[in-house]
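S.K.: So you can see what is in the structure, the chains are spelled out below.
6 protein chains.
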Amino acid sequence: MLDVEFAVQKLWEFLREDAYPEDLTSRIVRGVKAEGILLAKSEGVLAGLRFVVPFLTRLGFTVQANLNDSERFSKGQEIAVIRGDGELLLSVERTVLNLLMRLSGIASATREMVEKAKAVNPNVRITGTRKTTPGLRAFEKYAIEVGGGDPHRFGLYDAVLIKDNHIALLGSVREAVMRARKVASFTKIIEVEVSDLKSALEAVEAGAHAILLDNVSPKEAKEVIEEVRRVNGRVIVEVSGGITPDNVVDYALAGPDVISSGYLTHSVRAKDMSLEVKPINVC
Amino acid sequence: MLDVEFAVQKLWEFLREDAYPEDLTSRIVRGVKAEGILLAKSEGVLAGLRFVVPFLTRLGFTVQANLNDSERFSKGQEIAVIRGDGELLLSVERTVLNLLMRLSGIASATREMVEKAKAVNPNVRITGTRKTTPGLRAFEKYAIEVGGGDPHRFGLYDAVLIKDNHIALLGSVREAVMRARKVASFTKIIEVEVSDLKSALEAVEAGAHAILLDNVSPKEAKEVIEEVRRVNGRVIVEVSGGITPDNVVDYALAGPDVISSGYLTHSVRAKDMSLEVKPINVC
Amino acid sequence: MLDVEFAVQKLWEFLREDAYPEDLTSRIVRGVKAEGILLAKSEGVLAGLRFVVPFLTRLGFTVQANLNDSERFSKGQEIAVIRGDGELLLSVERTVLNLLMRLSGIASATREMVEKAKAVNPNVRITGTRKTTPGLRAFEKYAIEVGGGDPHRFGLYDAVLIKDNHIALLGSVREAVMRARKVASFTKIIEVEVSDLKSALEAVEAGAHAILLDNVSPKEAKEVIEEVRRVNGRVIVEVSGGITPDNVVDYALAGPDVISSGYLTHSVRAKDMSLEVKPINVC
Amino acid sequence: MLDVEFAVQKLWEFLREDAYPEDLTSRIVRGVKAEGILLAKSEGVLAGLRFVVPFLTRLGFTVQANLNDSERFSKGQEIAVIRGDGELLLSVERTVLNLLMRLSGIASATREMVEKAKAVNPNVRITGTRKTTPGLRAFEKYAIEVGGGDPHRFGLYDAVLIKDNHIALLGSVREAVMRARKVASFTKIIEVEVSDLKSALEAVEAGAHAILLDNVSPKEAKEVIEEVRRVNGRVIVEVSGGITPDNVVDYALAGPDVISSGYLTHSVRAKDMSLEVKPINVC
Amino acid sequence: MLDVEFAVQKLWEFLREDAYPEDLTSRIVRGVKAEGILLAKSEGVLAGLRFVVPFLTRLGFTVQANLNDSERFSKGQEIAVIRGDGELLLSVERTVLNLLMRLSGIASATREMVEKAKAVNPNVRITGTRKTTPGLRAFEKYAIEVGGGDPHRFGLYDAVLIKDNHIALLGSVREAVMRARKVASFTKIIEVEVSDLKSALEAVEAGAHAILLDNVSPKEAKEVIEEVRRVNGRVIVEVSGGITPDNVVDYALAGPDVISSGYLTHSVRAKDMSLEVKPINVC
Amino acid sequence: MLDVEFAVQKLWEFLREDAYPEDLTSRIVRGVKAEGILLAKSEGVLAGLRFVVPFLTRLGFTVQANLNDSERFSKGQEIAVIRGDGELLLSVERTVLNLLMRLSGIASATREMVEKAKAVNPNVRITGTRKTTPGLRAFEKYAIEVGGGDPHRFGLYDAVLIKDNHIALLGSVREAVMRARKVASFTKIIEVEVSDLKSALEAVEAGAHAILLDNVSPKEAKEVIEEVRRVNGRVIVEVSGGITPDNVVDYALAGPDVISSGYLTHSVRAKDMSLEVKPINVC
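Taken in sequence, the protein lines are chains P, Y, S, L, W and H.
Going letter by letter, the first sequence gives residues 1 to 283 in the working numbering.
Going letter by letter, the second sequence gives residues 1 to 283 in the working numbering.
Going letter by letter, the third sequence gives residues 1 to 283 in the working numbering.
Going letter by letter, the fourth sequence gives residues 1 to 283 in the working numbering.
Going letter by letter, the fifth sequence gives residues 1 to 283 in the working numbering.
Going letter by letter, the sixth sequence gives residues 1 to 283 in the working numbering.
Think of the hints as simulated: they come from the structure by calculation, not from any bench.
Just so you know, these numbers come straight off a predicted model, no measurement behind them.
Each hint should be verified, as a subset may be incorrect.
Restricting the straight-line Cα-Cα distance to at most 30 angstroms, the calculated cross-link-like pairs of lysine-lysine (DSS-like) are [claimed, not checked]: (1) Y/Lys222 - Y/Lys118; (2) H/Lys116 - W/Lys41; (3) Y/Lys10 - S/Lys182; (4) W/Lys116 - L/Lys182; (5) S/Lys182 - S/Lys163; (6) Y/Lys278 - Y/Lys75; (7) W/Lys222 - H/Lys41; (8) L/Lys116 - S/Lys41; (9) Y/Lys163 - Y/Lys222; (10) P/Lys75 - Y/Lys118; (11) L/Lys219 - S/Lys75; (12) P/Lys10 - S/Lys10; (13) H/Lys182 - W/Lys278.
All chains, please: the whole structure from these sequences, using the hints.
M.R.: This is the structure we're talking about:
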């Protein structure tokens, strides 16, 4: 509920970025009432409408949403109908489309990876990373959840993840985990990024709650996962590194608890949508 | 010069998004001095370092940049070397990489389209659109310029572009252009989006400075461009609609002044980079 | 429509400037309902009520506006009637009056210049400059439009205007225009400030879309305008430099397309208004 | 000292208003070093340089100030010399001039009124009002002080001033003063606006510390002042209402402690200044 | 009235501090409607509900307040009943309680001191100081007023208070007061902090409106107060320094006009309250 | 490192709250150089100087710190010496003292509880709660860490804590935990607040990582802790509810992993400090 407030405030900032201090062109339709059909131009999973509807409503529009976030849309489907002041509608059109298209792109790719991975490993979780677009973190994490994924850390402040660079500065996995256990609150899990079995076991022995296997082949992943499980059945194992819808099945078959993918946010394609507007008499 | 200040302030906001209120993990390297190598993991065109260097410098780092924005980097090239406080370096790593990777992705794709198009039509301009990531408009427009493109409108406030939806609300191209000429400042150009010759000519006759041919085939584009040129040699003609590096040559051969591409910002892939960190004694 | 949102947010900031963190005096009328008559104390053209009405409405007042922006008011005319909480009304009174008085001052002076100039040169446009009050740019540009003027550039970001200082740093008008054509988007016009015929022609030949003749007499202006027109009939010619309602006719007779005046924003007198308040039973 | 920080932050906002997100034109002088002479184009009293110098210094400029705020400048005098990056200098030029011109206009008018009034009434104070430009209150109050005036209330939060509208809602001067004495902190003075002797005496008897005589002739003012003084020698008497440099002497002769003038901020003319720029080799 | 707007905006910031970017736990009750009883867990004076009610209302809750600020509550009393979305209610619970508990703690302690002091010295005022919690000044001053106290200065901007450190830098009380009379507006009172009779008399002679007797015993206070009164009956005398509910009567008996206490804001205990929530069918 | 930047920015806001728009009194010492001794007026543990030093340094002061945060100070000890502009020093004095006094109060109370608890239960952690002062969360959590405590959750966004009100809305502990496991990221721990053994065991069986025993006596706590440990040795047990330095030993003896205390932030007394200022010739 609350994130809606956060999102609406952000949508305002995005609108200002586009329409600061005003829209020169749309003045030509001042006084005209309009109806806009939000149209999908390809199939996918919807994300972002949860925020767009209250944003438009507060601007005075009447919005009829035919779908909710996380539902699939098909090519040509009318996702929503928006009625109200024509000048304002044309001013907000691009801001709204830019957000919906990007978030739906992320949700669609996440859903694809989730379905492919769960088909072979029903308990695996697909997660995003912190490789998000600067300024859009909360939205993109939301889109991953809408797609059925796990958002992973929102930021550096909410869980401990010891990465290769931390270890490089401290000299050993053990030293890094020990320090983390000392400075971290009891409310935080400690995860360690490793790329081989030896480091994985060192992390587990030092008390890590989770292991992030980065940049290993599916075969290597399988070997490490099995050995870690043998040593400590409660440790969570995550794999990452260049995983996309194309190779996610191979990694899912390796048996991890979690598969994380930067692709979902840094290189995904937007889902094309458009707004088809016509004049109306009343709204 | 000024945009650097704007960008540095934005980088602060992006860092806050990731590290609010602080980085739980990097505390484990408190007091360690570090050197980080910014490494390219594929080839491309660099964009964003112009803002990252002063950002890091103000945070107390020493930065040695081996490349400038708009220069090409090859896979494995050391783009920059950063020295300073290790804890802080690991805290800013992801924010910096996220920006550089995305902007370099845009600049690289733009450069590719510019080179392909100019090879067959030396005077054509490649431009972005307003289909940018919410909140990143100024950065993404910058990356397009770095790639050799034209930024087109920054927002709804700096030029008049009458789109299909404006025309739909007013009933005719002529009416729309007439209204725009009345309300727009003499300092603004008036461009009109059309998809056929008839509308294009109507816009030109009504006094438009530029025509945006949207969603036409290269063949249709060629016919409209030639006829518009015949009627009025000063009108600028832009083509758009699903143009990517794969089909840009076909459109360039149609002879437009400008080719615009939403792909450059809404669906481009980031260029992979990493930061390789090691401890040092002094910085 | 959108600018109303922008303006209302700014009005909040202006109110905070006056009433931070609260109004010590108006507490003495807590609980009293009031009606306030917004009264003109001289004649003029109204500007700003478009923003003041929604601002007051959101604060819970009922507002009955007897005039719209751009309409004339006479001395003693009741511009609007405001009803609601007396304490709050007295707290916002000065903020609202300060804005209305200043904007109406600008709109009135603009209207005067527009009417005088068009009487002798029906196609001429009167425009403001960037010599606006710091922080009030968008409001003052709006007041100029309300007065019948052209707002000219909103800021350095929306059109190219090469001024004497740019030319001084580059050595020649030609060099400056050439550089601008290279770095500016195709969506921007290029205007050049000059003060003699030779420079004007150099700018036109280099490809400038508009010429700003600064600090010339009406007689000199006439000569340059005629010669520029002879060479290139499409170039827009603007004159500026110390132009006020007192001498605008002389410049209008010289035949420019545009007359710009810094006086309209940096030295105009406010239009006096007051709020006459009385207690009421219900609102 | 502190207000400098406040002012520099505001100057940043003013610059953003003009140069958001960047200056399209000044890019043509990228890389050129420049020297700018800040030149007075009429005589007056300087105000604002105290804030402009640190603002420019932090932007990387070297500034040599030949005058301090509150000193007089003559027509053609070189107020300051600024050296540094040419592109940035042209980007900040207008923001700096707009502030200096307006504040110096206010300081100059204040100085004129102070000198005229004190020539006939050496102990009188000239003060501003809250009729300031929205958003510029602190700057304009500063300019009044620089001109030798008293800033009066900064806002509704720092002293009690019971105006005609407060009295209209409460029914009597006595009631208003009594309520104010009850709710106001002991740290605040209570001033009451009146326009006749009867109300003035009622306010004094109720315990007001100061009387604001509004919209009375100099002759009426004199009579009320003398009678109030006779009744209570400690009460401060202020006069206001249409007082400008033209009639200030008449009011000063009436013997008030304070003369306040809205003209100083709502209708004063800016002092013309310019920046003359030339290229240099080093800065 | 106005301060409500200020406070609601602040409450938003406080909520963001706790729930940024969202509440992970309360998602588990998504869709559940709830009723929450705001319960007092000890007796005291209520403060803060004036702001909490509109804050909750704008979030969509229905609030039934059984008490107003400044009224006493007893242990176990139901202060208010809140109905609405359960997820959101649990997200705002702590923010609302944190504010109400702290402000009610301050109001209760103030009321205790006011009642004790007035029992022996009916005209004395109890005031707070500037020793408030950073960021909460306006709220804490409000709580003092609600408790029956005088807020004293809100900040360094609204009255002159010459403290020991000012005098230490200038060498004498006389010099300090003389300078203050010169630079301060006529709308400001001048108060001087002293700790002995000699300095008190020096301040009075130099023209101070008020004396702050700091860190003296009740006996010393009495002597100074009587002597100052003898010399000048209009000067306000304030005492301060380690005054709490435990010793306030001793100081009140010394006869000051004002007693100020930093304890009220820097060391007061919060009043315990809780929110008891249950599911409901409709709200 | 980063939190210093965050804190310095906040200190600016706190200063603005006190000195907006400027300090009326300290102008009387304009031009005087000063040295200020930061003096402890009771013993305690220092917290906050880590942020105050860079804040003062950026304002131009030279600061010599004799102690670091987390070190003990004795009554009368000179904590730091600050040299620089006298006017500015007196303007920032109260802001700096307010922060240091409050944070040191929290750190001192935390240290006391930590030492008492660890004397009887060496592995127990003392933690704060979310009952912090609105707007000061990050500072108060920091002070708890400086005192040797564990900060617990920073906000609702970084760990799952199912409280009594969540359970009240869902009907059962099991249902609440099950839902949390479904919606929470794998990176978050799930803690459940209970007040009896039955609920504790239900939570453990449902998969909670931690149990918060709220409002139980030390004896009850002991019984639940032992039984929970018997069932599942890995579950973390936290106790809370009215725990202060006076009763912390009793609870520590019950054997919990964690003791949390709202007292540390909602009702702690500030540690008294002062700044003793004198004039100097150079700084």
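S.K.: Evaluate each hint against the coordinates.
M.R.: Checked hints:
1. Our distance criterion of 30 angstroms between C-alpha atoms is met by Y/Lys222 and Y/Lys118, whose separation comes to about 16 angstroms.
2. This hinted pair checks out: H/Lys116 and W/Lys41 have alpha carbons roughly 28 angstroms apart, not beyond 30 angstroms.
3. For the suggested pair Y/Lys10 and S/Lys182, the alpha carbons sit about 28 angstroms apart, so the restraint of at most 30 angstroms is met.
4. Proximity of W/Lys116 to L/Lys182 is assessed by CA-CA distance (about 20 angstroms); at most 30 angstroms being required, the pair is judged to hold.
5. Between S/Lys182 and S/Lys163, the direct Cα distance comes to roughly 17 angstroms. Compliance with the 30 angstroms bound is thereby established for this hinted pair.
6. Between Y/Lys278 and Y/Lys75 the CA atoms are separated by roughly 21 angstroms; this keeps the pair inside 30 angstroms, and the hint holds.
7. For the hint linking W/Lys222 to H/Lys41, the alpha-carbon distance of about 26 angstroms falls within 30 angstroms, and the restraint holds.
8. Between L/Lys116 and S/Lys41 the CA atoms are separated by roughly 28 angstroms; this keeps the pair inside 30 angstroms, and the hint holds.
9. Restraint check for Y/Lys163 and Y/Lys222: satisfied, since their Cα atoms lie roughly 21 angstroms apart, inside the 30 angstroms limit.
10. The hinted pair formed by P/Lys75 and Y/Lys118 fails the criterion: a straight-line CA distance of about 35 angstroms is larger than 30 angstroms.
11. Restraint check: the Cα-Cα separation between L/Lys219 and S/Lys75 comes to about 26 angstroms, which is no more than 30 angstroms; the hinted pair holds.
12. Straight-line distance between C-alpha atoms of P/Lys10 and S/Lys10 comes to about 18 angstroms, which keeps the hinted pair within the 30 angstroms bound.
13. Proximity of H/Lys182 to W/Lys278 is assessed by CA-CA distance (about 23 angstroms); at most 30 angstroms being required, the pair is judged to hold.
Hint violations for this structure: number 10 only, all remaining hints satisfied.
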